[in-house]
Structures are given as C-alpha cells and as structure tokens.
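Chemist: So the chains spell out like this:
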Amino acid sequence: MNEFNDNVAPKTETFVLNMGPQHPSTHGVLRVELDLDGEKVIRVRPIMGYLHRGIEKLLESRTYAQGSPFTDRLDYVSSMNNNYGYCHAVEELCGIEPPPRANYIRAIVAELNRITSHMVFIGSLANDLGAVTGMIYTFRDREEVLDIFDLVCGARQTYNYIRIGGVAQDIPQGFEEKVRKFLDRVPEFMEEYADLLNGNEIFNVRLKEVSVMTKEEALACNMTGPNLRATGVPFDVRKVDGYGAYPEFDFDVPVGENGDNWDRYQVRYKEILESAKIVRQALDGMPEGDFMAKVPKVLKPPKGEIFSRTEGTRGELGFYIVSDGTTKPYRVHIRRPSFISMQGLNPMCRGGLIGDAIAAFASIDPLMGEVDC
Amino acid sequence: MDNGIVMTVANLIRDILMLVLGNEFIVSLIMKFIGIGALLGAISGAAIAFTYTERKVCAFVQVRLGPNRVGPMGLLQPIADMLKLMTKEDIIPNGVDRVVWALAPILLFVPSALAYAFFPFDDGAIFADVNVGIFLLIAISSQSVLTFLMGGYASNSKYGMIGAMRAVATSLAYEAPMVFSLLGIVMLTGSLRMSDIVTVQGDNVWFIVLQPIAFLIYITTCMAETNRTPFDFVECESEIVAGAFTEYSGMRWALFFLAEYANLLSISVLTTTFFLGGWTGPVLPGFVWFWIKTLLMLFVFLWFRWTFPRVRIDQMMSFCWKVLLPLALVNVLLTGVGIYIYRWM
Chain Y
1 MNEFNDNVAP
11 KTETFVLNMG
21 PQHPSTHGVL
31 RVELDLDGEK
41 VIRVRPIMGY
51 LHRGIEKLLE
61 SRTYAQGSPF
71 TDRLDYVSSM
81 NNNYGYCHAV
91 EELCGIEPPP
101 RANYIRAIVA
111 ELNRITSHMV
121 FIGSLANDLG
131 AVTGMIYTFR
141 DREEVLDIFD
151 LVCGARQTYN
161 YIRIGGVAQD
171 IPQGFEEKVR
181 KFLDRVPEFM
191 EEYADLLNGN
201 EIFNVRLKEV
211 SVMTKEEALA
221 CNMTGPNLRA
231 TGVPFDVRKV
241 DGYGAYPEFD
251 FDVPVGENGD
261 NWDRYQVRYK
271 EILESAKIVR
281 QALDGMPEGD
291 FMAKVPKVLK
301 PPKGEIFSRT
311 EGTRGELGFY
321 IVSDGTTKPY
331 RVHIRRPSFI
341 SMQGLNPMCR
351 GGLIGDAIAA
361 FASIDPLMGE
371 VDC
Chain A
1 MDNGIVMTVA
11 NLIRDILMLV
21 LGNEFIVSLI
31 MKFIGIGALL
41 GAISGAAIAF
51 TYTERKVCAF
61 VQVRLGPNRV
71 GPMGLLQPIA
81 DMLKLMTKED
91 IIPNGVDRVV
101 WALAPILLFV
111 PSALAYAFFP
121 FDDGAIFADV
131 NVGIFLLIAI
141 SSQSVLTFLM
151 GGYASNSKYG
161 MIGAMRAVAT
171 SLAYEAPMVF
181 SLLGIVMLTG
191 SLRMSDIVTV
201 QGDNVWFIVL
211 QPIAFLIYIT
221 TCMAETNRTP
231 FDFVECESEI
241 VAGAFTEYSG
251 MRWALFFLAE
261 YANLLSISVL
271 TTTFFLGGWT
281 GPVLPGFVWF
291 WIKTLLMLFV
301 FLWFRWTFPR
311 VRIDQMMSFC
321 WKVLLPLALV
331 NVLLTGVGIY
341 IYRWM
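These protein sequence lines are chains Y and A, in that order.
The letter at position 193 of the first sequence is residue 193 when you use this note's numbering, and the numbering goes up by one with no holes.
The letter at position 275 of the second sequence is residue 275 when you use this note's numbering, and the numbering goes up by one with no holes.
Don't take each hint at face value.
Only part of the chain A face toward chain Y is listed, based on derived beta-carbon distances under 8 Å [to be verified]:
#1 Gly66
#2 Ser191
#3 Arg193
#4 Gln315
#5 Ser318
Each computed BS3-like pair below joins lysine-lysine, with the alpha-carbon atoms no more than 30 Å apart [claimed, not checked]:
#6 Lys215(Y) x Lys277(Y)
#7 Lys208(Y) x Lys239(Y)
#8 Lys294(Y) x Lys328(Y)
#9 Lys297(Y) x Lys328(Y)
#10 Lys158(A) x Lys84(A)
#11 Lys294(Y) x Lys57(Y)
#12 Lys208(Y) x Lys322(A)
#13 Lys208(Y) x Lys84(A)
#14 Lys270(Y) x Lys178(Y)
#15 Lys11(Y) x Lys158(A)
#16 Lys57(Y) x Lys215(Y)
#17 Lys11(Y) x Lys322(A)
#18 Lys239(Y) x Lys277(Y)
#19 Lys40(Y) x Lys88(A)
#20 Lys239(Y) x Lys178(Y)
#21 Lys215(Y) x Lys239(Y)
#22 Lys181(Y) x Lys239(Y)
#23 Lys40(Y) x Lys322(A)
If you're looking for bench data, these hints aren't it; they were derived computationally from the structure.
Glycine is no exception: its CB is placed at the ideal position from the N, C-alpha and C atoms.
Construct the entire structure; sequences and hints are all you get.
Modeler: Shown next as structure tokens:
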C-alpha cells in the first residue's frame with residue numbers, strides 16, 4: 001500500500017521524554033521517563049539511585065550509637081523524625097524504655113519538624129505550579145522552627161538530637177517561650193497561605209480532581225502517611241501503635257475524600273495545625289525528670305530481629321534491624337515511605353498532561369534523600 | 001497645548017537641521033533615522049531597566065530585598081548582568097539546525113521592535129500613524145510565535161519541541177479573543193488609527209469605562225502573549241525546563257529575555273492606549289501621563305506574574321475558546337446595540 005496515500009490518516013508516534021536528574025522540579029535528583037503522546041502522559045517510570053549513599057550498609061558497619069547521624073541524611077527536611085524512628089527501633093531491640101520527659105521532648109521536636117516538612121511541601125507544590133512566591137513565604141516561616149532547633153541542638157538541618165534512650169541534652173532555657181511564640185504564629189501564617197493559595201481559582205483547578213488515587217490503589221501501592229490519608233484511610237502510626245508519648249495527646253487524623261492532589265495538599269495543611277496542637281499539649285504537660293535512660297556505653301543488643309515503625313512526615317518509617325549479638329547490627333533495612341510512594345506515580349500521572357505529572361510529583365512529596373537512601 | 005513635549009523637541013531638531021542642511025528630503029530622512037534610533041533606544045533601555053524593575057517588584061511581593069549590591073540600591077545590577085551574559089561562551093549544541101536556530105532570537109526582536117512604530121507616545125508622537133494601525137499591530141505582534149517555533153524546532157531538543165508546540169497551540173487560542181475584544185474599541189472609535197483611538201478617549205471617556213469586559217479579556221490574553229505566568233507555557237520552567245529556549249545560553253538567551261521585556265512594555269503601552277486614554281489627562285503634559293499609566297499597567301502585569309500559579313495548557317485553551325471568545329463576541333454585540341441606542345436617542 002502506498003505510504004503517501006491521501007486516505008491514510010497521518011500517524012502520530014509516542015516519544016520518551018527524560019525528565020531529570022537535572023530538572024527544576026524533580027525535588028533533587030529524581031529521574032522520570034515519561035512516555036508521551038503529544039502532551040498526554042501514557043506511562044511514567046521513576047528511575048532512582050542518583051542519590052544512593054548506601055546508608056543501610058553504612059549502618060551495618062558501625063555501632064548502634066554511631067548509626068543515628070546517618071539517619072539525619074535520609075529525609076533531610078525532617079531529620080528529627082528519622083532519628084526518632086531509628087532510636088525507637090534500637091530501643092525496642094534492646095528493651096530500653098526512654099523516660100517520660102524524653103518522650104515529651106521527642107514529640108515536640110518531631111512534630112515541629114513535621115510542621116517544617118509540610119511547609120516545604122506547600123512551598124514546593126506552589127513552586128511547581130508556577131507560583132514561586134508561595135515557596136518564599138513558607139520558607140520564611142520555616143526559618144523560625146529552624147532557629148528553635150538551632151537552640152536545642154546547635155544544628156539547623158541534620159540534628160542527631162534524638163539518641164538511643166532519650167535525647168542528647170535537656171531542652172535549654174528560653175525554649176518554651178520560643179516554641180509558644182511560634183505556636184501562636186501558626187494560625188496566622190496558615191491563614192496567609194490560605195489567602196495566597198487556597199482561594200486561588202487557578203490553584204484549585206490545577207489540583208482538584210487531578211491525579212486521583214483511590215483507596216484500593218493507594219493500599220495496593222503500599223502508600224502510607226498523608227498520601228494514604230488523602231484517599232480516606234485514617235491510618236496514622238501515632239494513633240495505631242501509640243508509641244512514645246503520643247497516646248497522651250489529643251489530636252485528630254485529618255483525612256481526605258477523593259485522593260486527588262487537592263486532598264493531599266489539604267491533609268498536610270491540616271496536619272500542620274494538628275502538630276501544633278500536639279506540641280502545645282506536650283509543652284503544657286511536660287514532666288520533670290531525666291531526659292536520658294540508663295544506656296550502657298557499649299550497646300550489645302541480644303540476638304534477634306526487630307521491625308519497628310514510627311510515623312515519619314511522609315508516611316510509615318520502618319527500621320528492620322537484625323542483631324547478631326555484637327556491637328554492630330548484622331542487617332539494617334529501612335522502609336522509606338517516599339520510596340514506596342513513588343509506586344503511585346504511574347497510576348497518578350497516567351492519562352494526564354505534563355503539567356499534571358509535575359503536580360503529582362509535588363503532591364506525593366518525595367524526598368530524594370529518603371527515596372534513594 | 002496643541003503638541004506634546006516630544007513633538008516640540010522633534011520640531012526643534014527639524015528646524016535646526018533645516019537651517020544647517022537646507023534640503024527637505026535629507027532632513028526628513030535624518031529625522032526618520034533619529035526616530036528609529038530613539039525607538040530602539042527606548043526598547044533596549046526599557047528592557048534593561050525592566051529586568052531591575054521586575055526583580056525589585058518580585059522582591060517586594062516576596063518579602064525580600066532584591067538586588068541591592070551593585071551600585072546604589074542595586075541600580076547597576078542589570079548592567080552587570082548584561083556584561084556577564086555578553087562575556088559568556090557561545091554554546092551551540094550538537095545537532096541543531098544552525099541557521100534557523102541562530103536566526104530565531106534575532107528574528108524575535110523584529111516583531112517586538114516593529115510594534116513600537118505604532119505606539120502613540122504623545123500627541124503627534126507616533127512613528128507610523130497608519131490608518132490600519134490596530135490591524136497591523138496585531139498582525140505584526142502575532143509573528144513572534146513563529147520565532148518560538150523556529151527556536152524550539154531547531155533546537156533538536158524534546159523540551160524545545162514541546163515548548164514550540166505549545167507556543168503555536170496557545171497563540172491560536174488567545175489571538176482570537178484578543179482581536180474580538182479590540183473590535184469593540186474600533187466600533188466606538190470608527191477608526192483603526194491609533195491616534196484616533198486616543199483622541200476619542202480624550203474627548204469623551206476612557207474606554208475602560210465603556211468596555212470593561214473587553215479590558216479584562218485584553219489583559220488576560222496579553223499575559224498569554226507575553227508568555228508570563230499564569231500562561232507561560234512556552235517557557236514553563238517547572239515543567240519543560242525552559243521550553244523553546246532550553247538550548248540557548250549567553251547572549252542568545254538574553255535576546256529572548258530582552259524581547260520578553262520589550263513585549264511586556266508593548267502590552268503595557270497598548271493597554272494604556274486602548275483602554276486608559278493614552279497620553280490624555282489633565283494638567284500634566286501628555287508624555288508624563290502616558291508613562292504614569294504605562295508603568296501602572298506594568299506593575300499590574302508584574303504583580304500577576306508573581307502571585308498566580310500557572311494554569312494547565314488544556315485549561316487555558318478551553319478557557320480561551322469557550323469563555324473568552326464567546327464573551328468577546330457578546331461584548332461586540334453589546335457594543336453594537338449600545339451604539340445603536342446612543343444614536344437613536
């Protein structure tokens with residue numbers, strides 16, 4: 001048949017667009033291969049490993065106490081939560097019970113860190129949707145929390161503050177006033193973000209009913225955290241397991257309805273307010289006493305294995321540790337919620353446009369340090 | 001005051017030249033060149049000044065300080081930037097269609113600069129006051145799409161290709177409502193001549209009062225024409241890196257950049273001319289009024305740029321075709337009915 005026959009409709013071809021690892025909105029070094037039909041996305045393949053540092057292996061070649069600074073580098077915008085997850089796992093392995101004061105301090109810093117992480121999420125979502133200004137505002141307010149962390153442990157991003165058995169040092173003087181001042185400001189700046197973004201018609205049409213994830217799909221992809229809660233599953237490890245001081249606090253688990261980008265944004269938006277609530281309760285009910293349990297200088301856990309989970313900012317953060325009775329773990333595996341959430345990228349982006357794919361990346365809130373580990 | 005400052009100055013120069021040379025033809029020729037020079041100077045000067053303005057306005061919106069290191073209040077920053085861009089290595093990527101690729105940024109400047117010939121800066125100060133002013137202006141300014149297509153297509157880059165495709169697709173969508181929104185003005189004025197449009201507004205009332213719908217449609221489509229957020233599909237940094245300009249660097253990229261600012265000034269001037277009464281205004285000389293209004297519009301456009309997120313391309317297309325175009329047509333109908341009633345009364 002003649003190829004140039006007029007009756008034959010012109011054929012279109014799909015093509016592969018390689019986004020990343022250098023791309024303005026891949027949150028670091030995520031590489032995504034998009035199969036495109038014009039602007040329409042047919043398939044998305046996230047390709048990982050550009051930030052692989054072998055943290056699991058590094059943990060295996062060090063003593064338990066030496067391991068915790070490495071966990072800072074996993075999810076580097078919420079390091080406190082990673083410290084918490086690791087220390088919680090080691091404590092469960094060794095049967096160490098942190099004192100109540102330590103648990104309260106941990107809850108405060110972890111929730112404050114959750115607030116900053118969600119702020120980064122709101123900022124980068126706005127940035128990826130083209131509203132650069134949103135990013136500047138959230139980063140401005142995040143700075144206040146970073147100052148508090150600076151006061152607590154001297155670091156602004158990688159803290160290594162939560163240690164096995166408690167926290168590195170007691171909260172300093174002036175901490176409480178500073179935190180309370182920040183908490184009073186939370187409704188104020190959340191109102192500001194809402195003014196800037198929530199009521200914006202463009203922001204609404206870009207997010208609502210876009211990249212919908214059903215409850216079943218999200219569960220099948222093993223998503224956890226805000227991404228799962230946005231689909232309507234009220235699963236929060238803080239509530240389910242009730243570890244640390246969390247059972248003593250009164251807080252809600254915000255859930256979405258449709259599992260679209262808007263719900264993923266709204267769930268995190270509300271979580272900031274819930275976290276602020278937790279911090280306030282923890283400050284009010286702060287018990288006196290030690291901030292560190294009696295932990296032997298050389299930690300030799302008994303032979304055995306443990307899987308322990310905490311609620312990281314991006315979902316269920318799990319540490320699986322196998323101990324052979326020596327000072328170093330035999331095997332460490334980290335269940336990184338960002339990494340697992342990346343599985344949801346393809347079902348989310350399929351059928352959308354390039355712009356939707358970018359919004360979907362941002363709404364999953366992946367952090368490459370955690371994805372690649 | 002019959003003539004504005006600009007014409008007074010121009011007549012003065014003309015008189016001096018006549019005294020020195022004495023030949024009318026040569027003097028006219030020289031005057032044309034002076035006019036062209038003044039316009040090109042205005043374009044490039046404004047474009048460079050606007051990079052500073054944009055950064056300062058952006059900083060103001062984003063609670064920052066903006067450039068404040070180079071020169072007093074950072075005023076020399078654009079000059080430092082231009083020097084840096086000029087000294088950068090000229091990188092030509094492998095596999096580009098060299099001629100088309102190199103021509104694109106240069107040709108982009110042609111429609112941007114040509115449009116300035118039709119701007120009434122002051123009473124009588126219009127380089128080419130032709131009787132089909134608006135028509136020619138729209139025809140010329142829509143040519144810039146071709147250069148985006150050239151640049152994106154010749155870049156041999158997928159991002160560039162997507163950017164070029166988007167430029168063509170969106171230009172079809174926004175040009176139609178834009179033209180129809182201006183039709184109301186032409187109906188009211190009864191002329192396509194730019195100076196007539198301003199004079200009519202000066203004698204009666206600004207068209208923003210008579211044509212509020214057209215004004216909104218026009219500024220919306222203008223933002224699409226200058227490729228700025230919320231309609232910056234050609235560049236679209238967070239999606240397709242830099243779209244049609246992805247493979248350009250150094251001075252070539254700066255040309256795209258300058259053309260963008262030249263276009264930004266264009267749309268501010270045009271909005272002023274079409275809807276805000278151009279140079280007309282009480283007390284102050286026309287030239288001053290013209291710039292006050294233009295800079296005000298410029299601020300409005302910058303303000304949009306730094307507060308709005310980007311719409312998705314299909315949303316923008318359906319918005320243009322399904323909302324703006326019918327609205328513009330309704331506006332034309334209403335204007336027609338209005339004129340009929342006005343005459344009947």
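Chemist: State for each hint whether it applies.
Modeler: Hint check results:
1. Gly66: 12 Å, violated
2. Ser191: Violated: closest Cβ of chain Y sits about 37 Å from serine 191(A), beyond 8 Å.
3. Arg193: Hint on arginine 193(A): violated, closest Cβ of chain Y at ~37 Å, above 8 Å.
4. Gln315: 6 Å, holds
5. Ser318: Hint on serine 318(A): violated, closest Cβ of chain Y at ~10 Å, above 8 Å.
6. Lys215(Y) x Lys277(Y): 27 Å, holds
7. Lys208(Y) x Lys239(Y): The hint holds at about 28 Å.
8. Lys294(Y) x Lys328(Y): The hint holds at about 19 Å.
9. Lys297(Y) x Lys328(Y): 13 Å, holds
10. Lys158(A) x Lys84(A): 28 Å, holds
11. Lys294(Y) x Lys57(Y): Given that 30 Å is the threshold and the Cα spacing comes to 28 Å, the pair holds.
12. Lys208(Y) x Lys322(A): Holds, because 20 Å separates the two Cα atoms, which is no more than 30 Å.
13. Lys208(Y) x Lys84(A): At roughly 43 Å apart (the allowed maximum being 30 Å), lysine 84(A) and lysine 208(Y) break the hint.
14. Lys270(Y) x Lys178(Y): 22 Å, holds
15. Lys11(Y) x Lys158(A): 19 Å, holds
16. Lys57(Y) x Lys215(Y): 34 Å, violated
17. Lys11(Y) x Lys322(A): Given pair lysine 11(Y), lysine 322(A) holds - Cα atoms ~28 Å apart, limit 30 Å.
18. Lys239(Y) x Lys277(Y): 15 Å, holds
19. Lys40(Y) x Lys88(A): 37 Å, violated
20. Lys239(Y) x Lys178(Y): 28 Å, holds
21. Lys215(Y) x Lys239(Y): 19 Å, holds
22. Lys181(Y) x Lys239(Y): 27 Å, holds
23. Lys40(Y) x Lys322(A): 21 Å, holds
In summary, the numbered hints that this structure violates are 1, 2, 3, 5, 13, 16 and 19.
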